[in-house]
Amino acid sequence: MKPEGDIVSASHGKAARERTIPKRHGLLRLIRHHKKSVDLPAGTVAADQEASATSVRTVSYDAADLREHDGVAPPDLAGLRNSSDVLWIDVTGLRDTQTIEEIGAAFGIHKLTLEDIVNTHQRPKVETFDHYVFIVMKMLDHSDAGLTEQMSIIVGNDYLITFQERAGDCFDPTRARLKRVGGQLRSEGPDRLAHALIDAVIDNFFPLLEHYGEVIETLEDLVVSAPEPSHVQRLHSIKRDLLEIRRAVWPTRELVNALIRDEHQLFRDSTRIYLRDCYDHAIQLMDIVETYREIASGLLDVYLSSMSARMNEIMKVLTIIATIFIPLGFFAGVWGMNFDYMPELKRPWAYPAALGFMFVTACLLVVFFWRKGWLGERKPKALR
Amino acid sequence: MKPEGDIVSASHGKAARERTIPKRHGLLRLIRHHKKSVDLPAGTVAADQEASATSVRTVSYDAADLREHDGVAPPDLAGLRNSSDVLWIDVTGLRDTQTIEEIGAAFGIHKLTLEDIVNTHQRPKVETFDHYVFIVMKMLDHSDAGLTEQMSIIVGNDYLITFQERAGDCFDPTRARLKRVGGQLRSEGPDRLAHALIDAVIDNFFPLLEHYGEVIETLEDLVVSAPEPSHVQRLHSIKRDLLEIRRAVWPTRELVNALIRDEHQLFRDSTRIYLRDCYDHAIQLMDIVETYREIASGLLDVYLSSMSARMNEIMKVLTIIATIFIPLGFFAGVWGMNFDYMPELKRPWAYPAALGFMFVTACLLVVFFWRKGWLGERKPKALR
Amino acid sequence: MKPEGDIVSASHGKAARERTIPKRHGLLRLIRHHKKSVDLPAGTVAADQEASATSVRTVSYDAADLREHDGVAPPDLAGLRNSSDVLWIDVTGLRDTQTIEEIGAAFGIHKLTLEDIVNTHQRPKVETFDHYVFIVMKMLDHSDAGLTEQMSIIVGNDYLITFQERAGDCFDPTRARLKRVGGQLRSEGPDRLAHALIDAVIDNFFPLLEHYGEVIETLEDLVVSAPEPSHVQRLHSIKRDLLEIRRAVWPTRELVNALIRDEHQLFRDSTRIYLRDCYDHAIQLMDIVETYREIASGLLDVYLSSMSARMNEIMKVLTIIATIFIPLGFFAGVWGMNFDYMPELKRPWAYPAALGFMFVTACLLVVFFWRKGWLGERKPKALR
Amino acid sequence: MKPEGDIVSASHGKAARERTIPKRHGLLRLIRHHKKSVDLPAGTVAADQEASATSVRTVSYDAADLREHDGVAPPDLAGLRNSSDVLWIDVTGLRDTQTIEEIGAAFGIHKLTLEDIVNTHQRPKVETFDHYVFIVMKMLDHSDAGLTEQMSIIVGNDYLITFQERAGDCFDPTRARLKRVGGQLRSEGPDRLAHALIDAVIDNFFPLLEHYGEVIETLEDLVVSAPEPSHVQRLHSIKRDLLEIRRAVWPTRELVNALIRDEHQLFRDSTRIYLRDCYDHAIQLMDIVETYREIASGLLDVYLSSMSARMNEIMKVLTIIATIFIPLGFFAGVWGMNFDYMPELKRPWAYPAALGFMFVTACLLVVFFWRKGWLGERKPKALR
Amino acid sequence: MKPEGDIVSASHGKAARERTIPKRHGLLRLIRHHKKSVDLPAGTVAADQEASATSVRTVSYDAADLREHDGVAPPDLAGLRNSSDVLWIDVTGLRDTQTIEEIGAAFGIHKLTLEDIVNTHQRPKVETFDHYVFIVMKMLDHSDAGLTEQMSIIVGNDYLITFQERAGDCFDPTRARLKRVGGQLRSEGPDRLAHALIDAVIDNFFPLLEHYGEVIETLEDLVVSAPEPSHVQRLHSIKRDLLEIRRAVWPTRELVNALIRDEHQLFRDSTRIYLRDCYDHAIQLMDIVETYREIASGLLDVYLSSMSARMNEIMKVLTIIATIFIPLGFFAGVWGMNFDYMPELKRPWAYPAALGFMFVTACLLVVFFWRKGWLGERKPKALR
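Chains as they are written, first to last, in the numbering used here: chain A, 1 to 384; chain B, 1 to 384; chain C, 1 to 384; chain D, 1 to 384; chain E, 1 to 384.
Only chain A is shown next, with the shape it has when bound in the complex (with noise of 0.2 Å):
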């Protein structure tokens, strides 16, 4: 298979696209990591051993105020709660389990949360516990690892942790209005920083959805035009990324809808208005994506209509062309046979008179098939 990330997508070169659409996407990585866990017991923290190295950053913010620190031991984590109205602890890269423990200690984490952190595969969900939230999302992959990743957030009164897979995320506008002094962010909880949060990985979906827009767009034409199994090939890897987004962004409705319905006391009400906002582009994401997954099904039939009309074609220009020559073959392979008796070699006019005869033949031959509407493209007068 050719590299799914080049085909077709030059013709919108002008255009240029934030992201590279990964080459191979995770199906097989998907079960993978779940083989390796099938032994263990329920509650063991167990990292892949193909995933990134732990780097922890935190930011701690009120209205007036906003600190950064990179690399903070996870025991000095909870002085830094102590000294901040809002502390927001951004973990990339889940090879370093020892660390997620330790903050998972830290902050009164349940061992199950910390294996969902870690089990990379789970289904986006929201689980309520004591005194904190824990969210599952899945997030558009920045590296060329996958097409998603998982990103888990836990909500707690007056601070805010994340875990992403990879290094590369969609929050730095997050993290610019956070920095901006007076920004609205600055002067609420962690419920609303994480309203942000998931109203940047929902909407990160959309500009993919648009290269996929323009692609199919493209196919439209191409499969009409010059259609080639390529075209199906890349019809059928949307589809099936399609697929994976629509497993990404099924169930994140679903969660946002729990936060907005349950009753968890660390979400305020003014912060879900914000979610309902969060939850009319969830429901967009799957209007687009079931949109889109009928137009290349319905594209799938233009192509075999296309090709088929492709079949016809050739196969009428050879039967023109045999059905005329093969018989005038016949006739001249008579006129050449070694009979010492056929009289009408001997006369002058014959040979004149044969090659007229298969003219006329191949002249009623014409007549026919111009007749059955084989010659040239016969235009029924209601389309013109």
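Some hints could be false.
Copies of the same chain look alike in the list, so a pair counts if it works inside one copy or between any two.
[Stated by the list, open to error] Calculated cross-link-like contacts (lysine-lysine; reagent style DSSO-like; alpha-carbon spacing at most 30 Å):
| hint | residue 1 | residue 2 |
| --- | --- | --- |
| 1 | Lys-179 | Lys-111 |
| 2 | Lys-179 | Lys-346 |
| 3 | Lys-372 | Lys-111 |
| 4 | Lys-179 | Lys-239 |
| 5 | Lys-239 | Lys-125 |
| 6 | Lys-179 | Lys-372 |
| 7 | Lys-346 | Lys-372 |
| 8 | Lys-346 | Lys-239 |
| 9 | Lys-111 | Lys-346 |
| 10 | Lys-125 | Lys-346 |
What the hints contain is simulated information worked out from the structure, not anything from laboratory work.
Chains B, C, D and E: place on chain A using the hints.
Here is chains B, C, D and E on its own, set in the frame of chain A:
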């Protein structure tokens, strides 16, 4: 791809259609705007740079009197509100976000509502606020910019504000009824006007569906008499449009249902009876859309069976001609060989005998094909 | 397209069908009327200009007596109402809106109800008003104008009004039973008469489905023995009709269910038991429609497999003939060349040897094809 | 169409099947009866003229004693009822409506119940009346008349009446168990007997499904090794039967569920536990039916891919032969021309050179085809 | 059909799979047993004659101590129960119904439960009885007998009994954890052990799905580079297995949900939190199964488009060769005729002129085909 607005339609030239079918529908546009707003915080009113210029028309009326104003400045709108029973502010074009924000400020509209008005890719929905009801709908676009445009309605206790993306709408009959002295609409509140507008938006989809119905009927004939791939393309583009209409109408149904069921004191019971009518129409629209989609899918089967029947016919002609003349050509070739000792060539009766032999062979083959039913259309008795 | 009413059906000529299948069904008509009424305010009673002329028949009866009147003027209907226990007003043709409005005025019918009666493209539904129940149904059309026509029923405490689009209906057996002295219907109220009419409308779909069942069975044989594209067209048109019947019956089911469940004091419990029967029939209708649709879809697969088997057979004949005689023709051509030094041409045994060589070649090829299984139908043992 | 009962099945001749698969299933019959009863008022007990003759068998038993009677007259049934704990009246054949009405009168059965018993095209359902429960089921038909027949059960407090369409049923094991002294069934009420009969009806579908499973497995092999259109026909007819079984079993599931959930004092809690078992079996039946339908649909894809692979093979043979020998034939034709001045014809080495040239051309073409992979099956390594 | 266990898989030989994919899956077996038990009354414990021999292993443990026993006689099991905190009785093989009935008697198990244990074709379900909970699951079969085997669990207040169809299971890691002193499992009740087993059964499906994922990825490449019907067969058999896995997992999800929701005092709240994890895994399994099914269906489209592209290529080669050389052959035939008066044959320049004429004709045809785009792959620019 040929311009979709022209294909097939000419065959119904006699029935002058009221609107032109747009050539490109907004699949891409739908997402592109999202991309732009992805990095903005929720609640930001940021206009699409391609949006139309903003213009404001106001109509204020009671049973006795009706006054129209063009281009009233937003701060003056509050004054109009006081001097009239019902005030309809009709905003067209969403480029000038400042005007929209000023209107919002004058009527106490929530920031998220204003964002939804300007971000023109909302899903149809209804949202209730303390002193107004916010309705988003998709309306058939009367310009060439797309298939649908967004129509937002804010219903207050003595005013109604509508926001349209582009100039041109389906409300002229409503405006005419409003101007008629003694009309029912004049003596009712803004909820009744909201119903009239919702009704117009829904009913306006029917003429487009009628057009698609005509095209599908034309294609039902063509696909049998003269199938070609452009028919499948046309069916594909109709199905794509039907998908978009479904995406516009399906949530509209829920929206109207929410207006009927929920307890908004702004919508009186007498208006709810009329909304039940809108609800029925929305369901009918969905019924027709689904029926058309199934018929269009069925037509593809008819198309493919037509094509394969044609292919069979082509192959039959080729096979009949080739099967008759290739063996005959071989016999002629045999007697055209130059061996010295071919005794039959010397006989005077040999030539006519050879011709006779060939003729009989040809006849036997014709009989063979006739018995196989490959010559002419052997209609089975049951079908005559 | 050939007239759909004739195809295939002749094979069942012995079983004289009771009704003719219409040639064109009302897909287009369904919308055309909407278009006309799009610009009218809700509640306007505007007739379709193609509607049939209006005629009014009345039957008033109690257990002892039954009186029929034709063409009673609407104002006189009130008088009839007083002089009888049950009054059935049967209105046929919806062109004369004034008559309909006068009837409405005489019985206190709501404006929206009258609009729904005249706008003949309602979805089947039941609506309850203070002193009457309004029922809309789709009835098989007995004229040639379409597949179904609209039937509206208004049930009051001592009267029942029916509105039909066109003359001809399925109520003659009901009328006959009504005339029989001592019949159960005579001693019951208008709710029981309404049940009898609803029952007739639903049961009347069964003969049409029976016809489709016969056509499908015929096609099941034909599609195997003599497949041709007209069969697919016929299946397509049956599926289209089944879609329309489903659109008529599905909401009817809900309608009957609503009559059974809801508390209309106009429908007594004894009648509800009978309506349960109607409900069962409606579900059975849906069952049959869905089954037929699935069978028709399956038949298309049988058709396509028949066609591709035929194509394979054609190609086999061509390939066998061409593959045997083209090489032989080449050998004859070689020995027909005019080189001076072709020593084998001089040998007396050369000609028979050449013929023998060709014969052996042909035989080898035949063996090759025989072993490939291309000659004759090699039935696998398991199928014998 | 070939008799469906015979195809394929012979390959499993060793496992003697217990029942013959009927040749024509009752699609048409299903509707035909409706047509006849369409014009009758609801509540009329009118027999189908093709119904079997009616015969009545009764079994009355308590734990100690069991008495069987044949042909008891309906008026005498009341007497039997008094003299026994449980009375099972088994009515076979529904032609004699008078007998059925007399039985109905003797046990106080509602008119609509009697109508449903005689009109043998009910959907399986349960209806509760004051002093009895009425159950309608579809049972596999043991005669050749159709796939299923209707089985109605009336359960009273001390009696149970069954109505079958035709002689032959699946209750012999139940009868045997009833005759065994000390059997559990003997000491229980009619609700337990009803359970035993319902259980028998449901379980009796499994052997038929087993047969279909065997046919499908056989077809899975045949469709690959020797595809032909009759396989698709066979799959089509199996899918049709599965549709009918689904129509019989799906409402049966609801029926059993209703018996478990609803509060009929006639069904004791101890019986409900056993009905839970029936419920599980009905769900399993549906599972198998759906699985078989999906497998049958998938087999069609295998068939089509087999056919198109065969077509490709045929075309390859034709193309290879034609492409090699048509050019060679042309060269032979060139040197067979009769021009006076063709100098190469005079050279002694010309003939062998010409043959050599042709041979080399043929070899090049063979190499061309070999590199295209058209000669032999180039198994990719991954598949070996 | 080739052995399904071998195809394709060799390409992933490096990753040694832990289990062999069975060659024939249990579709037929699934029904065959039913057939045998059809005539038995409900509640009869009748073994399948092909069932494996029964063996009983017991493990009794508390936090401090663990004892294993093999082949304890059923009557002695009661004694073990008294001497330990938790008793796990692991029964393998269901042939010896007497042993199973004795165990049932010793622990007061209901007759219907015993029947369900022995009849190995239950749908996964949970049933609550007074003093125990009965769970039926489908577990991947580790022998070659089928894809899944039945696993029944009875959970009492101080014991747990498991029944497996055949030797070999996925519980060895659980047994190892049980033997580890100080392990969490050792200090918990039988509900926690039940969770561990359920967890193992669910997680054990993932490696098989991983294998299918790998096969599907391999087929995605092969279907493009070297399509052949065996790929479709392989896809068909994968889809069949996925159907069976879905039938095993879907009700398992409901089962786990029932354990979480319902109030069994035997399952403590601490265990319910762990069951929530099982529930997530079951949903993920369903997600993967559905995704694979859709991808497999999509692959068929890719396959068909590959095949039709190949057919087109074959036809193009044939058409090009035939269309060029058949007319040339005709011209050669004309000049090979034996008419006495063919003046051009006498001219010295005639032969080269004829060859030149033929050459030009051939060139024109090549140009014709080149412009039709039939020579080489004319990649449209957009795709480069």
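Evaluation of the provided hints:
1. Lys-179 x Lys-111: between (33 Å within a copy, 22 Å between copies)
2. Lys-179 x Lys-346: neither (107 Å within a copy, 98 Å between copies)
3. Lys-372 x Lys-111: Classified as neither; 77 Å inside a copy, 60 Å across copies.
4. Lys-179 x Lys-239: neither (40 Å within a copy, 48 Å between copies)
5. Lys-239 x Lys-125: both (24 Å within a copy, 28 Å between copies)
6. Lys-179 x Lys-372: neither (76 Å within a copy, 62 Å between copies)
7. Lys-346 x Lys-372: neither (39 Å within a copy, 42 Å between copies)
8. Lys-346 x Lys-239: neither (73 Å within a copy, 68 Å between copies)
9. Lys-111 x Lys-346: neither (108 Å within a copy, 99 Å between copies)
10. Lys-125 x Lys-346: neither (97 Å within a copy, 91 Å between copies)
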